[in-house]
Amino acid sequence: MRRLLASTDFRAGFVEMLPACIGLVPFGLVCGVGASAAGASWLAALGMSAVIFSGAAQILAGQMLAGGAPIAVIVLTCFVLGLRFLMYSAAMAPYLKALPARWQQALAFLLTDQAFAAAIRRFNASDDPRGGAQHFLGSGMALYLCWQLTNMIGFFAGNVIPAAWSLEFAVPLCFVALVAPLLREAPTVLAAVVAGVAVIALGGLPMKLNLIVAGVIGIVAGTLADIARERWTRR
Amino acid sequence: MDATLKLWVVIFVVGLLNYLSRLSFIAVFARRRMPPLLGRALKYVPAAMLTALTLPMILGDPAAGNPMAFNPRLAAAAIAGAVAFFTRSSLWTIGTGMAALWLLQVVS
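Those protein sequence lines, which keep their order, are chains A and B.
Start counting the first sequence at 1; every next residue gets the next number (the numbering used here).
Start counting the second sequence at 1001; every next residue gets the next number (the numbering used here).
If you're looking for bench data, these hints aren't it; they were derived computationally from the structure.
Hints should not be assumed to be uniformly reliable.
Said to hold, decoys possible - Between beta-carbon pairs, the in silico distance windows are: (1) Glu16(A) to Ala1030(B): 26 to 32 Å; (2) Leu1103(B) to Arg184(A): 40 to 46 Å; (3) Thr233(A) to Lys1006(B): 48 to 54 Å; (4) Ala98(A) to Leu1103(B): 46 to 52 Å; (5) Leu1091(B) to Ala50(A): 22 to 28 Å; (6) Arg1088(B) to Leu149(A): 23 to 29 Å; (7) Pro1036(B) to Thr8(A): 37 to 43 Å; (8) Leu1038(B) to Lys97(A): 18 to 24 Å; (9) Leu5(A) to Leu1103(B): 42 to 48 Å; (10) Pro1036(B) to Arg2(A): 31 to 37 Å; (11) Arg11(A) to Trp1102(B): 31 to 37 Å.
Claimed, not checked - Some chain A residues judged to face chain B by a derived CB distance under 8 Å, without partners named: (12) Ala56; (13) Phe79; (14) Leu145.
Just so you know, even glycine gets a beta-carbon here, dropped at the ideal spot from N, CA and C.
Isolated chain B, as found in the complex (with noise of 0.2 Å):
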């Protein structure tokens, strides 16, 4: 399929999708109630995928280097995980956890 149309059409189905999920109990399933169990399972959905997502942006390729090495964004995020437990903003996460990278970054 032609380069465009596929990203078009990942645009509009994934956006449809997502638009459906944020709607669905608010006015679709208004009057129905969530079964225990996928009211159950749906609380450890962000937890879950959302680390799924990013421990790789944050290890970075496996194949490059040393695995055993000191990773500076490793430690980095985990500073910035710290911050975001007891502060709860995403504005002090970032910005600690931007600062932290540069200085691990210069002083190894």
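Isolated chain A, as found in the complex (with noise of 0.2 Å):
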């Protein structure tokens, strides 16, 4: 263990993950805010930021219990949200092949939006897999801690903030800073602007299930167009 906090590969992912860090600082304070919101007690919040680690899923979470949504149609709208990491696993997977088991296990549960954008660029600038995993390790466990942190001090102290600052304006920001870098090819734009558009044509369906069947139109879509382009330019 000692040795490993004293692995400059560690270091160095932890240290280039804190920028990333101050940027998720208003992210960590709404999502402990929204758990206080749905009347969760510290411990539930907690547990919240430490077993799910996904913020995206906990806004989500937490506004549906608000809004008396049932547990099958929270837990189905998380994980199609949470489909997203099975591709992050699929992309990382190669690199981290040589690794033990326990390695794996734990560089999977740190896999975040965040963390796969650092580990991807990591991995593809050298071929050094143990120097890659530690530094996956260490840039993980920065946004680990930030946001455990960030989760409990928006808790507790999340009224304090004034409502001027319009601070829950940094979550949707979070999730533009994700989605705008990926447009840069037209299946995907429409898969985008698909899903936009349906989620608030939809808007009237309960329980929040709009953002479910939107973002499910939208996948189809973007593979539609995807499956049509091969076939154009292979003509």
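Both chains come to you apart, so use the hints to assemble them.
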């Protein structure tokens, strides 16, 4: 353990993630506020951030719980939202293949949107799997610690933040930061636009079902466009 | 069901499903190739799901006010989107977006 903490790759990963951690501070605070608004105790709020460890799922689960949605609908919606981890997992798998199972299990737990983006950059830059894994562990742990801390501060002190600061706007901005850089290819743009139009058009559906339905319609639209594009270029 | 129990069930079931999704191809299906159609569809999950989650947060409650009126949140999000597209930096995106919202709220 001490050797790991002293390794330059681990430290580099930890330090390189700190700017992104600062960007996530408002998001973590808002998640803590959301947990308290959903009626969670401090322990349950910590459970949300420490066990779910996904801001998008935490915000959504909090809102749906507060709105009285049944467990099955909450779980299903969060599951579809979390399907992106399946893609991240598949993209990371070749780089982590050579590692012991315990490393794989630990790194999988820390696989978030931000950690994935940083890890893929690092693995593409060098082909040393051990150094890359330590780097990943460092960045993942920086995110994890920062996330627990900001969630707890938000839970206990969120009501001190003036409403005029519009801190809750930092949450959609975090997702804008994730989605906008993806919009470089036509099928991805189509998936986003179709999902966006559908979620507004279906706004009347109960229990936030518009979200999961719009997401699936967007995924189908992107996939069909991808297939159509391939057929077109093959000709 | 008791609200506290319901919350803990959601925490553990959602947490477990998230973890299994994260672990899936790293460990569980490590020896299997992803089916091509699934791989293709999963590429569009972030763009579609995160947009469906985010857009209602930006537009706010459609019942409140005139939908055609100037929306400082939408304008600030568009500026942040351009910053994210070109810089790929979350810190710059959130910083610019928040600053744009504060300015637009003062001006409008």
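Against the structure, the hints come out as follows:
The beta-carbon spacing between Glu16(A) and Ala1030(B), approximately 27 Å, falls within the hinted interval of 26 to 32 Å. Distance hint check: the CB atoms of Leu1103(B) and Arg184(A) are about 28 Å apart, inconsistent with the given range 40 to 46 Å. The given range of 48 to 54 Å is respected by Thr233(A) and Lys1006(B), whose C-beta atoms sit roughly 50 Å from each other. Here the CB-CB span from Ala98(A) to Leu1103(B) is close to 50 Å, well matched to the stated 46 to 52 Å.
Taking the beta carbon of each, Leu1091(B) and Ala50(A) are about 24 Å apart, inside 22 to 28 Å as hinted. Take Arg1088(B) and Leu149(A): their Cβ atoms lie about 25 Å apart, and the range 23 to 29 Å holds. In this structure the supplied range 37 to 43 Å holds for Pro1036(B) paired with Thr8(A), their Cβ-Cβ distance being about 39 Å. Evaluation of the 18 to 24 Å hint for Leu1038(B) and Lys97(A) yields a pass: the beta carbon distance comes to about 19 Å.
About 43 Å separates the C-beta atoms of Leu5(A) and Leu1103(B), a value consistent with the hinted range of 42 to 48 Å. Distance hint check: the CB atoms of Pro1036(B) and Arg2(A) are about 45 Å apart, inconsistent with the given range 31 to 37 Å. Taking the beta carbon of each, Arg11(A) and Trp1102(B) are about 36 Å apart, inside 31 to 37 Å as hinted. At about 6 Å, the closest approach between the beta carbon of Ala56(A) and any beta carbon in chain B falls short of 8 Å, and the interface hint on this residue holds.
Taken as an interface hint, Phe79(A) checks out: its beta carbon lies about 5 Å from the nearest beta carbon of chain B, inside 8 Å. Proximity of Leu145(A) to chain B is violated relative to the hint, the smallest CB-CB distance being about 17 Å (cut-off 8 Å).
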